[in-house]
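**Student:** Letter by letter, the chains look like this.
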Amino acid sequence: MSARDRGRAVLARLVDASIVERFVISLAALALSIVVGAVIVLVAGWSATCSAPATSFGVPLTVFGDPICYDPVGVYVTLFTGAFGNVLARPTNFNVALTLQETSLLVFTGLSVAVAFRSGLFNIGTQGQLVLGALASALTVLGVAPHVPAGIVGAAIAVPVGLLVGGLFGGLYGAIPGALKAYADANEVITTIMFNFVATNLAFVAVSEYFQASGSQVVQTEKIPAFARIQPFGFPSGSGFSLLALALGLALAVGLWLLLERTALGYDLRTTGAQPKAAEYGGVNAERTVITSMFVSGAFGGIGGAVWVLMVMGSYQIGIPSLGFDGITVSILAGNNPLGVPVAALLFGILKSGSLAVEFAGSVPHELAGVLRGLIILFVAMPEFFRLLGRRFSLGEGKPGPAAPTGGESE
Amino acid sequence: MTDRQTVRRWLSGLALALVALTVVAGLAFPDSIAGTLLSLTTSGSTVSSALRLSVPIVFAALGGIFAEKSGVINIGLEGLLIISAFVGVAVTETLGPNGTTFAVGNIWFGFFAGVLASTLLALLFAVVCIEFRADQIIAGLAVWLIALGLAPFAAKVLYGRPNTPGVGIFANWSIPVLSGTPYFGEVLFDASPTVFMMLVAVPLAWYVLNRTSFGAWVRASGENPKALDTAGVNVSRVRYTAVLLSGVLSGIGGAALTLGTGTGNFVGGATVNGRGFIAIVAYLFGNYNPFGAFGASFMFAGLNALQLRLQQAGLGVPERLIQTIPYVTVIVVLALVGRTRTPEAAGDHYESGEE
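Chains A and B, in that order, are what the protein sequence lines are. Position one of the first sequence corresponds to residue 1 (this note's numbering), numbered consecutively onward. Position one of the second sequence corresponds to residue 1001 (this note's numbering), numbered consecutively onward.
Warning: the hint list may mix true and false statements.
Unchecked claim - If you anchor each label on the Cβ, the simulated ranges turn out as follows:
(1) Leu389/A / Gly1232/B: 26 to 34 Å
(2) Thr1230/B / Leu27/A: 35 to 43 Å
(3) Arg392/A / Leu1123/B: 21 to 29 Å
(4) Gly255/A / Ala1025/B: 54 to 62 Å
(5) Pro160/A / Leu1018/B: 32 to 40 Å
(6) Leu1123/B / Tyr210/A: 42 to 50 Å
(7) Val35/A / Lys1226/B: 35 to 43 Å
(8) Ile318/A / Leu1123/B: 31 to 39 Å
To be verified - Chain A regions said to be covered by chain B (calculated; three or more residues, Cβ under 8 Å):
(9) 176-188
(10) 199-207
(11) 266-273
(12) 364-377
Simulated from the structure, these hints should not be mistaken for lab results. Note that CB positions come from ideal geometry on N, CA and C, so glycine has one too.
Produce the entire structure from the sequences given, and follow the hints as far as they go.
**Tutor:** This is how it looks when you write it as structure tokens:
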């Protein structure tokens, strides 16, 4: 057994030991966020103005005679049912499509954040990498489409090219802060956030000055011909969702897991994240590992951007939603485990689609989803709280937890 | 480390040389771009607007210095700015923008409500980090994201849209006689009250940090908590105080942002727009020295003020491209300075030996 194999066995045992605990902590964090979210809904409902108070279980909600406009239980019920619509009668209805659309996009951005986290890097720049990946992909497919036969053959060429170019540009844009971190020790948290602002502005200038669709009020590129987009496989056209994209996301999740757990590169990435000094001592080229990790991370973000363009929008249009930031939550909630990412992504897909349904029903603004996102991160970041709770009520073994950063294995 | 110092010295030299070159070129050829740039940069209105724009960054940076010096990296400064910027406007709006309560302008109640909101959020961050040993970076991100979600959410609940109505801003304080002096009168002695607060806060922060026993505790808590503990000072309490102080200072910054600049309204995500993160870079660049942080913040704010002027001057460069200048500067500065020597125990939880 070589030293490397032994090290791998130790790491594997450590991961296995904490995987159940992490799962429990994620669930507990989720539950607590829902409770705190309900309190926020009550307070918001009390501040809002409405003609009649909301009713919960048939009881009108009032505080000192003031009406409370939102019913927290009802909000969560609508949130959950709204995310699926009438799923029994029509499994491919638009609510399900929106939920799964968001899920597949978040799989890409979640994986993007996760791969960086696992190598000890906080990539907050997935958003910017996604924006540039989306733009590059849109422009490439617009350029390629006239030269390929319209139809399935053209799609088989244009779509993969679009995804590859998106991944490449996202990856290169991610590699820049990686290189700055590796060679100039510039804190990647700050640089990636700054690169987000830069990417958004650059994309805006590029489209508005050079690639603006003629006759459009919005700043956007020309529409990509329908055949060169990701076909709405299994779902009605116009639903903005294709099972192909979800399948690609799941395949990449498994692929990333295999890369991290079963290859030498993955081993280097993980040890750099968990034990940077030991990794360097063991012969890992730290600089190259940091750049590689940020490239892979950015590539996932860029592919997410390409899917956004090719599956949802059909063109690059400014005002891309905060998929990259949601990827941070997804990854942290999944304990930065690639196989956990799709599950966490589904949860946020439900949150996104459901919160729109809630607002549509005339209740709480959909920005509630953003608040819940922050709360979930906060609670996942404090495992010690749940360990204390567990010990207080003597659940589990109750062993004193180490002061470990459970969200990201970074130091 | 000496390596970095050399870089910093070269960088400062280069910047000085560039400035000198622009000044000479501008004086020699007033009609050239350098001339336009020079007259824009040195005009009293640009400098006073740069001072006003630097207020939020400076206060957030001062707060960040106290927190990080004590060993708690507060990356959630942006969130603290957002929450106080919003609450400041919302409370002023609720009380009535132009009215007074107990003979004090309602805008001041809004201001202090903003500070209070930011302090409460900082308290939450402190409890999570100090009591429950959360990873400071992730908890800081959470503070940012919570504020990022909560402010537009609350705005939509109250006003039906993610922006607030404008409530107006603080009237300038004009110091008699001195405000009449040419140039300096316009820049220094006829300014928003928030600018005066900043000019007081910077030396005060330096004094507290370097000349008081509390400052010594803060520094020890970040460098060598064990020693501080041995000396009989409660490390947790020092860190709590420092993080709460960062909440108060960022709160002043955030409220000063909405109630001291523009039209006194809060616009979704666009109001704060990364100033909290720029503040972090400012204090890193200033090497945790309040005066250094002030200089760096003033530089970033100056770029922003200049950027706004350049747009008005219409040089034919796309507006959004000019807007990227401050962000790119942050990246370049950070890359050249690299990670300054952070306090030894920053980011680490400290567990006192005694239970």
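**Student:** Would you mind marking each hint as holding or not holding in the structure?
**Tutor:** Outcome of the hint check:
{"no.": "1", "hint": "Leu389/A / Gly1232/B: 26 to 34 Å", "result": "holds, 32 Å"}
{"no.": "2", "hint": "Thr1230/B / Leu27/A: 35 to 43 Å", "result": "holds, 41 Å"}
{"no.": "3", "hint": "Arg392/A / Leu1123/B: 21 to 29 Å", "result": "holds, 22 Å"}
{"no.": "4", "hint": "Gly255/A / Ala1025/B: 54 to 62 Å", "result": "holds, 56 Å"}
{"no.": "5", "hint": "Pro160/A / Leu1018/B: 32 to 40 Å", "result": "violated, 47 Å"}
{"no.": "6", "hint": "Leu1123/B / Tyr210/A: 42 to 50 Å", "result": "holds, 49 Å"}
{"no.": "7", "hint": "Val35/A / Lys1226/B: 35 to 43 Å", "result": "holds, 38 Å"}
{"no.": "8", "hint": "Ile318/A / Leu1123/B: 31 to 39 Å", "result": "holds, 38 Å"}
{"no.": "9", "hint": "176-188", "result": "holds (count 5)"}
{"no.": "10", "hint": "199-207", "result": "holds (count 4)"}
{"no.": "11", "hint": "266-273", "result": "violated (count 0)"}
{"no.": "12", "hint": "364-377", "result": "holds (count 12)"}
Hints 5 and 11, counting from the list given before, are not met by this structure.
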